[in-house]
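**Student:** Use these hints to put chains E and G onto chain P, whose structure you have.
Residue numbers (this note's numbering), protein chains in the order written: chain P, 69 to 359; chain E, 7 to 329; chain G, 18 to 327.
Some hints here could point you the wrong way.
[As the list claims (entries may be wrong)] Some residues of chain G that are not near chain P, with every Cβ distance over 10 Å (derived): (1) Ile35; (2) Ala62; (3) Ala66; (4) Ile85; (5) Gly257.
[Said to hold, decoys possible] Just the calculated beta-carbon pair ranges, DEER-fashion: (6) E/Ala248 - G/Arg24: 56 to 66 Å; (7) E/Ser131 - G/Arg24: 50 to 60 Å; (8) G/Ser270 - P/Gly134: 26 to 36 Å; (9) G/Leu19 - E/Pro310: 53 to 63 Å; (10) P/Arg353 - G/Ser270: 44 to 54 Å; (11) G/Ser270 - P/Arg265: 55 to 65 Å; (12) G/Ala42 - P/Pro222: 16 to 26 Å; (13) P/Ile113 - G/Gly176: 33 to 43 Å.
If you are wondering where the hints come from, they were derived from the structure by calculation, not from laboratory data. A quick note: this is a predicted structure, and the numbers were derived from the prediction, not measured. Ideal Cβ placement from N, Cα and C applies to all residues, glycine included.
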Amino acid sequence: MSEQSGEALVAPRLRRGPTTIPRGVMMALAWLALMLAIAALADVIRPYPITAIDLGARLQPPFGFGGSARHLLGTDELGRDVLSRLFVSIRLSLLIAFGATTLGVLLGAFLGLVAAHLRGLAEQAILMLVDAQAALPFIILALSILAFFGNSLPLLTALLGLYGWERHARVARGLALGAGAQGYTVAVRQLGAGPWRLYLLHIVPNIAATLIVSATITFPEIILLESGLSFLGLGVQPPMSSLGNMVGYGRGYLSSAPWIVLAPSLVISLTTLAVSITGDWLRDRLDPTLG
Amino acid sequence: MSLLVLDQVHYAYPARHTLLGGRSKIRAVAGVSLALERGRTLGLVGESGCGKSTTGRLALGLIAPDAGCVAFGGEAMPAPGTAAWRALRARVQLVFQDPLGALDRRLAIGRQIAEPMVIHHLGTSDERTRRVAELLRAVGLSADLEARYPHQLSGGQRQRAVIARALATRPDLLVCDEPVSALDVSIQAQVVNLLADLQEEFGLTILFISHDLRLVRLVAHEVAVMYLGQIVEQGEPTAMFAAPAHPYSQALLAAVPNPQRRGPRALLAGEPPDPAARPTGCAFHPRCPIAVARCRGEAPALRPRADGRLVACHLADVDAASC
Amino acid sequence: MLGFVLRRLARAALTMLIVVAIAFAVLRLSADPATVILGPDAPPAAIAAFRHAWGLDRPLWMQFGFYIAALLDGDFGRSMINGATVLPLVLNRVPTTLSIMLPALLLAIGIGVPAGMFAALRRNTFADRAVMIAAVAGFTVPSFVLGLVLVLVFAVELGWLPSGGNDHWYSAILPIVTLGTGAGAVLARFTRSAMVEVLGQPYILTASAKGLLWRVVIRRHALPNAAIPLVTMIGFMVGGLLAGAVVTESVFSWPGLGRLMVTSVGSRDLAVVQCILLLVSLMMVASNLTVDLVYGLIDPRLRHGERGRL
Numbered sequence: 069m070s071e072q073s074g075e076a077l078v079a080p081r082l083r084r085g086p087t088t089i090p091r092g093v094m095m096a097l098a099w100l101a102l103m104l105a106i107a108a109l110a111d112v113i114r115p116y117p118i119t120a121i122d123l124g125a126r127l128q129p130p131f132g133f134g135g136s137a138r139h140l141l142g143t144d145e146l147g148r149d150v151l152s153r154l155f156v157s158i159r160l161s162l163l164i165a166f167g168a169t170t171l172g173v174l175l176g177a178f179l180g181l182v183a184a185h186l187r188g189l190a191e192q193a194i195l196m197l198v199d200a201q202a203a204l205p206f207i208i209l210a211l212s213i214l215a216f217f218g219n220s221l222p223l224l225t226a227l228l229g230l231y232g233w234e235r236h237a238r239v240a241r242g243l244a245l246g247a248g249a250q251g252y253t254v255a256v257r258q259l260g261a262g263p264w265r266l267y268l269l270h271i272v273p274n275i276a277a278t279l280i281v282s283a284t285i286t287f288p289e290i291i292l293l294e295s296g297l298s299f300l301g302l303g304v305q306p307p308m309s310s311l312g313n314m315v316g317y318g319r320g321y322l323s324s325a326p327w328i329v330l331a332p333s334l335v336i337s338l339t340t341l342a343v344s345i346t347g348d349w350l351r352d353r354l355d356p357t358l359g
Numbered sequence: 007m008s009l010l011v012l013d014q015v016h017y018a019y020p021a022r023h024t025l026l027g028g029r030s031k032i033r034a035v036a037g038v039s040l041a042l043e044r045g046r047t048l049g050l051v052g053e054s055g056c057g058k059s060t061t062g063r064l065a066l067g068l069i070a071p072d073a074g075c076v077a078f079g080g081e082a083m084p085a086p087g088t089a090a091w092r093a094l095r096a097r098v099q100l101v102f103q104d105p106l107g108a109l110d111r112r113l114a115i116g117r118q119i120a121e122p123m124v125i126h127h128l129g130t131s132d133e134r135t136r137r138v139a140e141l142l143r144a145v146g147l148s149a150d151l152e153a154r155y156p157h158q159l160s161g162g163q164r165q166r167a168v169i170a171r172a173l174a175t176r177p178d179l180l181v182c183d184e185p186v187s188a189l190d191v192s193i194q195a196q197v198v199n200l201l202a203d204l205q206e207e208f209g210l211t212i213l214f215i216s217h218d219l220r221l222v223r224l225v226a227h228e229v230a231v232m233y234l235g236q237i238v239e240q241g242e243p244t245a246m247f248a249a250p251a252h253p254y255s256q257a258l259l260a261a262v263p264n265p266q267r268r269g270p271r272a273l274l275a276g277e278p279p280d281p282a283a284r285p286t287g288c289a290f291h292p293r294c295p296i297a298v299a300r301c302r303g304e305a306p307a308l309r310p311r312a313d314g315r316l317v318a319c320h321l322a323d324v325d326a327a328s329c
Numbered sequence: 018m019l020g021f022v023l024r025r026l027a028r029a030a031l032t033m034l035i036v037v038a039i040a041f042a043v044l045r046l047s048a049d050p051a052t053v054i055l056g057p058d059a060p061p062a063a064i065a066a067f068r069h070a071w072g073l074d075r076p077l078w079m080q081f082g083f084y085i086a087a088l089l090d091g092d093f094g095r096s097m098i099n100g101a102t103v104l105p106l107v108l109n110r111v112p113t114t115l116s117i118m119l120p121a122l123l124l125a126i127g128i129g130v131p132a133g134m135f136a137a138l139r140r141n142t143f144a145d146r147a148v149m150i151a152a153v154a155g156f157t158v159p160s161f162v163l164g165l166v167l168v169l170v171f172a173v174e175l176g177w178l179p180s181g182g183n184d185h186w187y188s189a190i191l192p193i194v195t196l197g198t199g200a201g202a203v204l205a206r207f208t209r210s211a212m213v214e215v216l217g218q219p220y221i222l223t224a225s226a227k228g229l230l231w232r233v234v235i236r237r238h239a240l241p242n243a244a245i246p247l248v249t250m251i252g253f254m255v256g257g258l259l260a261g262a263v264v265t266e267s268v269f270s271w272p273g274l275g276r277l278m279v280t281s282v283g284s285r286d287l288a289v290v291q292c293i294l295l296l297v298s299l300m301m302v303a304s305n306l307t308v309d310l311v312y313g314l315i316d317p318r319l320r321h322g323e324r325g326r327l
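Just chain P, same shape as in the assembly (with noise of 0.2 Å):
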């Protein structure tokens, strides 16, 4: 019934010229799909177990240092191979980044969306947590509650999930008020829709894209918050093997092996840099209003 109109039908993104990734972003994109790879093929591509101890091969340099090929990142005191456990720790860091990074999106999206949806008290109330939350630098209150609570990796996980919460709660609240103000939300509830088709169908799909480069803000600062408190020991905790932990267990032996140290180090700079990339160029591409 409906013919080919002749023009090529264009996808809802306003698109502005040609699509050319910059150098830069490329490279942290690849880096990415790297350490993605590397995160679900963990349990294939290591050479040893994680906890495999080999007390005559202890903190041998990494090949083309000294070391030989059958560890080709080193070993640590125990004798455990570095690679190996680079690998698995990659899996776990940024298994916990992903969960507490949605965590946190959906927690605060959900209230940001219900701020700006009921207004009066209970938006009053919400935003008196969310500058709770902002005064008080989120380490510190982590650390509370990992004291009194101990610290397993599910509330650990669920702990880094309340990390910039409040962040995107504002971020949906003010995008949420700007949409209902005027516009195409007026424009539904006049056509007699209620409040969960206009949410879920208009208001969410559209300020999505935003949530999302809120998202890639925090995400690499959650990654930087679990290696900290990991390598504090506070973190995830043995046999688990974390980069931050990593990190925090070589400590002992930086002079004497720092590769041990060495090796995580690079890979969790070179991940946050490499989102942090992405996420700046997202935000360009999608919405330049933030930040």
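**Tutor:** Below, chains E and G alone, put in the same frame as chain P:
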């Protein structure tokens, strides 16, 4: 029986807190009464800030009046946001000023035109598809535009899409709030004529809100002029535009460029009004060229003249030609 | 103006109250407050007396009231490690932390702000990109990594500076640099974008069109306007520095608040943990309040009471 009746409605916007805790209200609508007859168009004109948009929203029931009542089809308008109010939307629709803003930029317009039918559970999926094509035709758009997105259409096409959406549930009443102000002048007349045609075809009742007198003249059966939240004159357009009775209407009409006009124009003195600080007595008296002492003390009521024109002026029976 | 100050004070007080409520909730939900406050070795009689005095058998809201009263009284309990009263123990550490925090803040401002302005004035040139890349590296490299690298280079390899402790005045150098780098990097990015935005404003174009020398335009128009958001940013840095101090002090064994927090968490010395939580919150709330008030003073739009902003 009138389709829509507003009876002495008042509405004030709560203004922001002042630093020391005082709170000034902005009385956007200060005692407006209107009745819309079926199948007819009432034009509501006035400058920005006169309260006409607010009146439109009151007519729709989007906001509830502080005083007075709104009745649709003989029954009181339900409170905004309630299920009854939502159900009533099938019969009352709004056409916005900003067509791009009124449409969700992420959805194709075919889906958006069908949305009211989905919300009110009208028709099967096939029936809706057919109706969308029908509506597109009715507003003068080709059926293959239904897959396009709002930003891919021109301003005029978007507004037609908004009108198509508004008609989807076969409403009785259409409130048009500055429907063509955002469009190019050349398109404006087209869309306004479209509204007139649709009215004839579907028996629509239209409340046409605009600041542009020339457009209102094209489409309205009756015109009401608003100033600072009140109706100051109301009557049949041709007669009113030929010989306005209220000093404000005279000034409004004088402001419309007219190459055939001879003689001096009626000009307004003073600043545009501040709704937060209403003058005493007649709201227009600070700027009125013929104001007398009585105008400052006593607010004039909207009264009918011998020829049916409604005017709110103490001096209305005086010969208007003396201005 | 007075209204503005009062409202800010009220908001700060309310925020503090919420934090205290959170601390109270954490305390009640997790452990027996008596053991936390009095220590696990306290005699049963003392515990019973405590429970009564704190109203632990009373409704929850009354307990909250007792809690606040105890806090205001300065009673934060006793450390499990050495039985000392907590509040003096914690307060003792504050100057040590401040002794690296404040210089770090100055370092961050001293390097970050000029770098950001430099980049803004030469935007889209190689210099701009170089500065921005350095800045991004500065805040994506974790502070503990930077600290360890600095220790590796300056303490282990070169032997110029000690790797930890606070025995000498120069022991503070590496911690200050570590702490200040991240903050400086963030500040550089922020300053650049604030400056770029200000430079894009019509009044800058007007000023230079009037014939003013470019550097006068910068000094008289761009800088003061860019300074306003900068002040708020610097206020937020305080929180970031407090958070950074936790990790940095651990890397360098610097005996400040951060280190105390970490060791207390590790040894489950809950009374100390709670005290630090509340104290740090108080510092943050006070700092934010100061920033708010200073902001209100220097932003002429707020000074003259444009109602929409308040």
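**Student:** Hints first: check each against the structure and report whether it holds.
**Tutor:** Hint check:
1. A beta-carbon of chain P comes within 10 Å of the beta-carbon of G/Ile35; the shortest separation is about 4 Å.
2. The non-interface label for G/Ala62 is consistent with chain P: the shortest C-beta to C-beta separation is roughly 26 Å, beyond 10 Å.
3. At the 10 Å boundary, the C-beta of G/Ala66 stays outside the reach of chain P, the nearest C-beta of that chain being 24 Å off.
4. The beta carbon of G/Ile85 is kept farther than 10 Å from every beta carbon of chain P, the shortest such distance being approximately 16 Å.
5. Look at G/Gly257: its CB is around 7 Å from the nearest CB on chain P, not clear of 10 Å, so calling it non-interface is violated.
6. A hinted range of 56 to 66 Å for the beta carbons of E/Ala248 and G/Arg24 is consistent with their spacing of about 57 Å.
7. For the pair E/Ser131 and G/Arg24, the beta carbons lie near 55 Å from each other, so the given range of 50 to 60 Å is met.
8. For G/Ser270 and P/Gly134, the Cβ-Cβ distance of about 31 Å falls inside the hinted range of 26 to 36 Å, so the restraint holds.
9. For G/Leu19 and E/Pro310, the hinted distance range of 53 to 63 Å is satisfied, since their beta carbons lie about 55 Å from each other.
10. Against the hinted window of 44 to 54 Å, the Cβ-Cβ separation of P/Arg353 and G/Ser270 comes to about 45 Å, which satisfies the hint.
11. Between G/Ser270 and P/Arg265 the Cβ separation comes to about 59 Å, which falls inside the hinted range of 55 to 65 Å.
12. Hint check: G/Ala42 to P/Pro222, Cβ distance near 20 Å, so the stated range 16 to 26 Å holds.
13. At roughly 40 Å, the beta carbons of P/Ile113 and G/Gly176 sit within the given window of 33 to 43 Å.
Hints 1, 5, counting from the list given before, are not met by this structure.
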